[in-house]
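**Q** Chain by chain, the residues:
Number of protein chains: 2
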Amino acid sequence: MQCFETVEQLRSYLTEARRRQQSIGLVPTMGALHEGHLSLMRTAAAENDIVVASIFVNPTQFGPQEDLATYPRNLEKDARLAAQAGVTALFHPPVEEVYRSGNATWVEVVGSLTESLCGRSRPGHFRGVTTVVSRLFNIVQPDRAYFGQKDVQQVQVLKRMTQDLFFDIQLRVVPIVRENDGLAMSSRNAYLSDTERQAALILSRSLEEAKRIVKDGERDTAAIEAAVTAFIQKEELAVIDYVELVHPDDLMRREQLEAVGLLALAVRIGKTRLIDNTFLEVPACS
Amino acid sequence: MQCFETVEQLRSYLTEARRRQQSIGLVPTMGALHEGHLSLMRTAAAENDIVVASIFVNPTQFGPQEDLATYPRNLEKDARLAAQAGVTALFHPPVEEVYRSGNATWVEVVGSLTESLCGRSRPGHFRGVTTVVSRLFNIVQPDRAYFGQKDVQQVQVLKRMTQDLFFDIQLRVVPIVRENDGLAMSSRNAYLSDTERQAALILSRSLEEAKRIVKDGERDTAAIEAAVTAFIQKEELAVIDYVELVHPDDLMRREQLEAVGLLALAVRIGKTRLIDNTFLEVPACS
Numbered sequence: 007m008q009c010f011e012t013v014e015q016l017r018s019y020l021t022e023a024r025r026r027q028q029s030i031g032l033v034p035t036m037g038a039l040h041e042g043h044l045s046l047m048r049t050a051a052a053e054n055d056i057v058v059a060s061i062f063v064n065p066t067q068f069g070p071q072e073d074l075a076t077y078p079r080n081l082e083k084d085a086r087l088a089a090q091a092g093v094t095a096l097f098h099p100p101v102e103e104v105y106r107s108g109n110a111t112w113v114e115v116v117g118s119l120t121e122s123l124c125g126r127s128r129p130g131h132f133r134g135v136t137t138v139v140s141r142l143f144n145i146v147q148p149d150r151a152y153f154g155q156k157d158v159q160q161v162q163v164l165k166r167m168t169q170d171l172f173f174d175i176q177l178r179v180v181p182i183v184r185e186n187d188g189l190a191m192s193s194r195n196a197y198l199s200d201t202e203r204q205a206a207l208i209l210s211r212s213l214e215e216a217k218r219i220v221k222d223g224e225r226d227t228a229a230i231e232a233a234v235t236a237f238i239q240k241e242e243l244a245v246i247d248y249v250e251l252v253h254p255d256d257l258m259r260r261e262q263l264e265a266v267g268l269l270a271l272a273v274r275i276g277k278t279r280l281i282d283n284t285f286l287e288v289p290a291c292s
Numbered sequence: 007m008q009c010f011e012t013v014e015q016l017r018s019y020l021t022e023a024r025r026r027q028q029s030i031g032l033v034p035t036m037g038a039l040h041e042g043h044l045s046l047m048r049t050a051a052a053e054n055d056i057v058v059a060s061i062f063v064n065p066t067q068f069g070p071q072e073d074l075a076t077y078p079r080n081l082e083k084d085a086r087l088a089a090q091a092g093v094t095a096l097f098h099p100p101v102e103e104v105y106r107s108g109n110a111t112w113v114e115v116v117g118s119l120t121e122s123l124c125g126r127s128r129p130g131h132f133r134g135v136t137t138v139v140s141r142l143f144n145i146v147q148p149d150r151a152y153f154g155q156k157d158v159q160q161v162q163v164l165k166r167m168t169q170d171l172f173f174d175i176q177l178r179v180v181p182i183v184r185e186n187d188g189l190a191m192s193s194r195n196a197y198l199s200d201t202e203r204q205a206a207l208i209l210s211r212s213l214e215e216a217k218r219i220v221k222d223g224e225r226d227t228a229a230i231e232a233a234v235t236a237f238i239q240k241e242e243l244a245v246i247d248y249v250e251l252v253h254p255d256d257l258m259r260r261e262q263l264e265a266v267g268l269l270a271l272a273v274r275i276g277k278t279r280l281i282d283n284t285f286l287e288v289p290a291c292s
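Residue numbers (my numbering), protein chains in the order written: chain W, 7 to 292; chain U, 7 to 292.
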């Protein structure tokens, strides 16, 4: 695996790859790699000749009260894991390489996709995401880019951006990877104490609870959300940011669950904000 | 010359061109082609194997009170002129091809580059320009893109966008083309009556006046602007939008002219808003 800190170096590597007609996969990450990231990398390695993984803690997607300064960083370990997962080029630029002097350009998706769910509690977050991902898309010009279903709203926003701006890139979405006990993998899990780690199981368990309720016939959005909310509130350490059942396409609520809905959660466990989600499907036969 | 209305058709043509290792030049226009556009196209033809010209009256760069509906359109004549100027592919998409259903993504340069000069009197204009040009850049993925110095602020904004977002595209800026009597070529000149056409000469003449003043030793920004303003006001049909002497890099005013400044004008002649500009250079020897 080769490592690059500058756009120029990475580009000359990629120009060579393109000359050899090699396909290029991109896995954008903020580092602190876990099995979720590695699953993206392995998928990318299976589908492309070259896999570029970026490790860049992007300042523009953090709010002023958020955890930019403390976000876990461990480049040496990340590099070892990435190489094992099939990454051929690691791009680890300093902030001033991606946001150069005089930088003033933003890419923004407006409307329900960025105003709902995490958009409400993290204003500006998705503007930071689309701004950095559009830069990475242009730097790497990959054939395919890989994102995790865990960040489902990010996926929907980036799909919209890719389509609207005509990026000639295929977005590939990889399923959530969970610990054995159900906790969705996240770099922020590292913040949790043992007690909090146990309490955090309430997220995935509440999604299972929702599936049971729907299987039992409930179709009313408010009723499903209320049941999930009550379930989570039984955990003393949990403070709900949102529990919402929305349509997967526009991330807006409907009165009734039809065909398939997206149940998305953001819950604070102590100081750590965690997210999780699942699709709720109405059985074809009832 | 081949003509395309859809992104898909144009892309399959361009994929073939790239397979043959042909270089691609892009000339984005809103049609109503004049010698200024044709100069861009001829330059592009001299520097590239393939020249794509787009003709697209972009609704997002017009304000609600502006001339979107009446903007001159003449595709048949434009196509003939473009072919003669060396264009190999004409891209003439309907609005709903560039802004598809569900479109919600904007590209925006913020700060002095878009807030000064035309940014003040045309809020949202440059956001529309960067949004459509980023789409065209991704659709065509040219090696070089051509813009006219007449739209000097647009040039500076697009240079910023290209650099910030790492578009792998060389921006080429082509000098202003003028009528024999000095009037800068513009599609909007078609709006002028004979009397207005004569009055419109005040723009280019005032730029010549400014050059004389600077040659005579004036360096004070306010004094140069005041002299140009007074000169324009002698023309009864002229209503000044702005007269500003700014630094070419950030488009912000300085107290004194040093080395080189950009003198930019927007003036209404009747209902028609015209722009013009020139660089003012301080002589190396005095």
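Heads up, some of the hints might be wrong.
For the chain W half of the interface with chain U, some residues (derived, Cβ under 8 Å), not all of them [claimed, not checked]: (1) CYS9; (2) VAL13; (3) GLU14; (4) ALA110; (5) VAL115; (6) ILE145; (7) GLN147; (8) MET167; (9) GLN176; (10) PRO181.
If you're looking for bench data, these hints aren't it; they were derived computationally from the structure. Predicted model only: the values in this text are computed from it and were never measured. Think of the CB as a built atom: it goes at the ideal place given N, C-alpha and C, for glycine as much as any other residue.
**Q** Of the hints stated earlier, which fail here?
**A** Checked against the structure, the hints that fail are numbers 1, 3, 9, 10, while the rest are satisfied.
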